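Listed here are the chains, written in short residue letters.
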Amino acid sequence: MVKSKTFNRKKIVIVFAAVAMILIMLVGRLFYLMIVKSEYYQEKADELHEREREIKAARGKIIDATGEIVATNKTVCTISVIHSQIKEPEKVISILCKELELSEEKVRKRVEKFSSIERIKTNVDKEIGDKIRSYGLSGVKVDEDFKRYYPYGSLASKVLGFTGSDNQGIIGLEVKYENYLKGQNGYILTMTDARGVEIKDAAEGRVEPISGNDLYISLDSNIQKFAEQSAAKVMEAKSADSVCIIIMNPQNGEIMAMVNLPEFDLNDPFTLNFETTETLDEKTKQNLLNQMWRNRCINDTYEPGSTFKIITASAGLEEGVVTLEDTFHCPGFKIVEDRRIRCHKIAGHGSETFLQGVMNSCNPVFIEVGLRLGVDNIFKYFKQLGLLEKTGVDLPGEAGTIMHKKENVGQVELATMAFGQSFQITPIQLATTVSSIINGGTRVTPHFGVAVRTYDGQLIENFSYPTKANIISSETTETIRFILEKVISEGTGKKAYIPGFRVGGKTATSQTLPRSAKKYISSFIGFAPAENPQVLALAIIYNPQGIYYGGTIAAPAVKEIFENILPYLGIEQVYEASEIEEYNIGDITMPELVGLTKKEADKVLKEYELNVEYLNEGETVTDQFPLAGETISKTSNIILYLE
Amino acid sequence: MSPRENEKSHRRKKEHYFDYSLLFIIIFLVCFGLVMLYSTSSYNGQVKFGDSTFYLKKQLMATLLGIVAMLIIARIDYHFWERFTLVAFLLAHILSAAVLFVGSDFNGSKRWLKIGPISFQPSEFAKLAVILFLALVISKVSKKIKQFRTMMMVMALCGPIVALVGVNNLSTAIIILGIAVILIFVASPKYMQFIIIGLGGSVFMGIFIYLEKYRAERLKIWLHPENFDKGYQTLQALYAIGSGGILGKGLGESMQKLGFVPEAQNDMIFSIICEELGLFGAVSLILLFILMIWRFMIIANNAPDLYGALIVVGIMGHIAIQVILNIAVVTNSIPNTGITLPFISYGGTSALFLLSEMGLALSVSRQVKLEK
Numbered sequence: 234m235v236k237s238k239t240f241n242r243k244k245i246v247i248v249f250a251a252v253a254m255i256l257i258m259l260v261g262r263l264f265y266l267m268i269v270k271s272e273y274y275q276e277k278a279d280e281l282h283e284r285e286r287e288i289k290a291a292r293g294k295i296i297d298a299t300g301e302i303v304a305t306n307k308t309v310c311t312i313s314v315i316h317s318q319i320k321e322p323e324k325v326i327s328i329l330c331k332e333l334e335l336s337e338e339k340v341r342k343r344v345e346k347f348s349s350i351e352r353i354k355t356n357v358d359k360e361i362g363d364k365i366r367s368y369g370l371s372g373v374k375v376d377e378d379f380k381r382y383y384p385y386g387s388l389a390s391k392v393l394g395f396t397g398s399d400n401q402g403i404i405g406l407e408v409k410y411e412n413y414l415k416g417q418n419g420y421i422l423t424m425t426d427a428r429g430v431e432i433k434d435a436a437e438g439r440v441e442p443i444s445g446n447d448l449y450i451s452l453d454s455n456i457q458k459f460a461e462q463s464a465a466k467v468m469e470a471k472s473a474d475s476v477c478i479i480i481m482n483p484q485n486g487e488i489m490a491m492v493n494l495p496e497f498d499l500n501d502p503f504t505l506n507f508e509t510t511e512t513l514d515e516k517t518k519q520n521l522l523n524q525m526w527r528n529r530c531i532n533d534t535y536e537p538g539s540t541f542k543i544i545t546a547s548a549g550l551e552e553g554v555v556t557l558e559d560t561f562h563c564p565g566f567k568i569v570e571d572r573r574i575r576c577h578k579i580a581g582h583g584s585e586t587f588l589q590g591v592m593n594s595c596n597p598v599f600i601e602v603g604l605r606l607g608v609d610n611i612f613k614y615f616k617q618l619g620l621l622e623k624t625g626v627d628l629p630g631e632a633g634t635i636m637h638k639k640e641n642v643g644q645v646e647l648a649t650m651a652f653g654q655s656f657q658i659t660p661i662q663l664a665t666t667v668s669s670i671i672n673g674g675t676r677v678t679p680h681f682g683v684a685v686r687t688y689d690g691q692l693i694e695n696f697s698y699p700t701k702a703n704i705i706s707s708e709t710t711e712t713i714r715f716i717l718e719k720v721i722s723e724g725t726g727k728k729a730y731i732p733g734f735r736v737g738g739k740t741a742t743s744q745t746l747p748r749s750a751k752k753y754i755s756s757f758i759g760f761a762p763a764e765n766p767q768v769l770a771l772a773i774i775y776n777p778q779g780i781y782y783g784g785t786i787a788a789p790a791v792k793e794i795f796e797n798i799l800p801y802l803g804i805e806q807v808y809e810a811s812e813i814e815e816y817n818i819g820d821i822t823m824p825e826l827v828g829l830t831k832k833e834a835d836k837v838l839k840e841y842e843l844n845v846e847y848l849n850e851g852e853t854v855t856d857q858f859p860l861a862g863e864t865i866s867k868t869s870n871i872i873l874y875l876e
Numbered sequence: 016m017s018p019r020e021n022e023k024s025h026r027r028k029k030e031h032y033f034d035y036s037l038l039f040i041i042i043f044l045v046c047f048g049l050v051m052l053y054s055t056s057s058y059n060g061q062v063k064f065g066d067s068t069f070y071l072k073k074q075l076m077a078t079l080l081g082i083v084a085m086l087i088i089a090r091i092d093y094h095f096w097e098r099f100t101l102v103a104f105l106l107a108h109i110l111s112a113a114v115l116f117v118g119s120d121f122n123g124s125k126r127w128l129k130i131g132p133i134s135f136q137p138s139e140f141a142k143l144a145v146i147l148f149l150a151l152v153i154s155k156v157s158k159k160i161k162q163f164r165t166m167m168m169v170m171a172l173c174g175p176i177v178a179l180v181g182v183n184n185l186s187t188a189i190i191i192l193g194i195a196v197i198l199i200f201v202a203s204p205k206y207m208q209f210i211i212i213g214l215g216g217s218v219f220m221g222i223f224i225y226l227e228k229y230r231a232e233r234l235k236i237w238l239h240p241e242n243f244d245k246g247y248q249t250l251q252a253l254y255a256i257g258s259g260g261i262l263g264k265g266l267g268e269s270m271q272k273l274g275f276v277p278e279a280q281n282d283m284i285f286s287i288i289c290e291e292l293g294l295f296g297a298v299s300l301i302l303l304f305i306l307m308i309w310r311f312m313i314i315a316n317n318a319p320d321l322y323g324a325l326i327v328v329g330i331m332g333h334i335a336i337q338v339i340l341n342i343a344v345v346t347n348s349i350p351n352t353g354i355t356l357p358f359i360s361y362g363g364t365s366a367l368f369l370l371s372e373m374g375l376a377l378s379v380s381r382q383v384k385l386e387k
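In order, the protein sequence lines correspond to chains A and B.
Just so you know, the working numbering puts the end of the first sequence at 876, numbered straight through with nothing missing.
Just so you know, the working numbering puts the end of the second sequence at 387, numbered straight through with nothing missing.
Since the hints were made in silico from the structure, they are not lab data.
Incorrect hints may have been included.
[Said to hold, decoys possible] Taking lysine-lysine pairs in the DSS-like style, the calculated list, with each CA pair at most 27 Å apart, reads:
id: 1; chain 1: B; residue 1: 63; chain 2: A; residue 2: 346
id: 2; chain 1: A; residue 1: 307; chain 2: A; residue 2: 354
id: 3; chain 1: B; residue 1: 159; chain 2: A; residue 2: 236
id: 4; chain 1: B; residue 1: 63; chain 2: A; residue 2: 324
id: 5; chain 1: A; residue 1: 867; chain 2: A; residue 2: 832
id: 6; chain 1: A; residue 1: 270; chain 2: B; residue 2: 235
id: 7; chain 1: A; residue 1: 243; chain 2: B; residue 2: 63
id: 8; chain 1: A; residue 1: 243; chain 2: B; residue 2: 159
id: 9; chain 1: B; residue 1: 245; chain 2: A; residue 2: 236
id: 10; chain 1: B; residue 1: 384; chain 2: A; residue 2: 243
Computed from a predicted structure; not experimentally measured.
With the sequences and hints as input, model every part of the structure.
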């Protein structure tokens, strides 16, 4: 047996000492890491562990002039499953299939997937979410979230706009008033493990979300509905590409309705509003969507045509180069330099006063007025009236006026400009400029936004918009109103005449470029009451088939709208004696007809001028509509049921 | 006391010392290890196997087996193993060779032999076999060990096993080499030779690192772990250590063990100890290891013969090298290499053989003659 020697012991001590020394050095290293660098590493580690979980703020509502909510939020649910917490997978699968109407295969795949959290379905209605929650299934998570919701669907879709996945405005008022509407998201500071799974009870901080503010707009959903109905009717009847209608208050620029048919469903803005035969690639689809979202009233320009004669007339009257009584002669054309510019009436209007010229919408008359004004004056008035600048409407993407450069305008250009051709403006520009001319000469800013209030109604801001007074004299305003009322009562705008209301307006028919395509734009601008305009409407029908004259198709559309909205706006009918006679206006009391024979009834009705419709066959009247004793208009339709 | 002393006085010659301090340290470390293992592995167990006690249960089995082995070995005279030493040493070669061909993969290295439900890491056995073998050989040639030739021959004996283990497990090969060097150092009366060997080794290592790009890259990762993907583990360990502070976040409160430090229950467990128990806990653990090594020194210095002393020195070297390398790696004091922390890190084979080694050390301590 070999004994250990002294040197062995000494060496063992050396080994121990060395080991102990190294370990003490490592302790030193630990001191450095855990005291000196502690804060640095702690911070880095926290960055790694902390997650901010956002709490979405409710976006502000959009409320129309009548107090109706036209854009709001809906609570929707997201259903997810947490694999490790599921106890009864079969039950979970069957319930989720049933409630969410998903295929079993799809649900099973997600439920059985070995992952931390698997999303089953988003945008689930709150009632369904609540129902699923009520089953109390472990491992099934129901998270609530806000989704933008538009109660009226497609109503004023291109005006209101919609929001994207982050609840941010994408088009329309939603994007223009983003800063007021969006609110401020809150967040919960949580800790997660390396997979991003939240650790229970580790929430460290919470900042509550601040709801967005409500936007009050001048758009009136009732007027918008009337206008959309009329627009839809004419669009269908004329197989038009699209129809735009702007209805605004000419006194202050508040827009009451803005129709851009075809509209699209705001609750489903990423689906095209027409059928496509082929499957579209991403880019084409996006282009089509962008087209669908376009607000033609604001984003697109067109040649206004004869409606622009209002502006030429105003400039001519204001400048004093023409009076109502000035006489002109129209042979059906006018030669300017070497060009022969035709009137729409090939035979010519013959001799006529300026007033008659406007009523006839005679091109040679306006060419003459334009030439009398001269290039400098025309541009002076364009500038003064605000035609060359954007209107400043509170919608994104307003297009500017496309106008000749002043130095390039010769006599021919001047002549065509005088009756609204060879340049382009937006519909909103035309409506605004005409408003400014007829309201007494104050250039207004067209707008929707009226006020912003907090979600509980406290006023934050009343919007005010710039105006420019005296762009035209009040005499000219009055003359123009007079002329335009004449256009309706006796001129080309007769189809917009409404007994009892004093309507002024102007029709237009313009041809789109290229002229060879034979595509037309038919339009009408009207306002009422003529002596004190409270409402102005511009209707534009793009590419109508068949008859395309503005006076024939656009004017009746505006008439229909006015008939509906003027009483709604509290503008009363005042009949003149000639009107009562001509249009047989008046009320009668419905006589009792039930029980009479058909012959007897006919005899009674002969005293009146009612339009009678008989239902069923027979000789005796068994029922009548309206009932006896009701007050009805003299020209009403009545229905009699026979047996 | 006195009646009992009188009663047993006739057996005084047979009465032996037993190092209860070491036993206490072992038990404490093992229990502490299990607690920390549960703390670090419960998340991984839950995520991977749906059972937070998955790792704990496996480790507990190995530990219980190990404690039984330790208590049995402690009661056997360590000279009993002399006759099996050569067989064990050869068996270590065979097993280490076998693992190269039929070993099972884990994280890209073949280190395990699967026999039925039990998987076994031959390199752990190899360390024990080398300690026993070298202790025996060196004690036999102790008179000639100062000769350079003898020394080299002894080293050469370790060559094959170091090579076999080193193929898949460089860290363990280094540990085996380290144990061999310490044993020879202790047995030899000389100093100069070792200084020369040390210098030679350093130069050799330098060239080795320089020549192999893979190792040079490791060096870069070591210096700037934040710039490399492969520095992720090291960086996460540093975050854990740094965020522990002085008193730590409290037992079980580690964030980094939640998947940030990969396989936190393995090599990097010390970083989680730092995070949960702070500088205080980490230093206490290091002190506990120093205390243990100190007990080994006492036992070795009082061993009845050189063979016993060398066994304990081998065990001491084993524990010391692993503790030092592990903590150095975890604190990014040296480049990353996979070395487990004795008694704490997860590993059944390791626990079994470490406890067997403890049994040997205790067995040697029983032979210490009390001098009064």
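Which hints, by number, does the structure contradict? Result: hints 7, 9 break, sorted rising.
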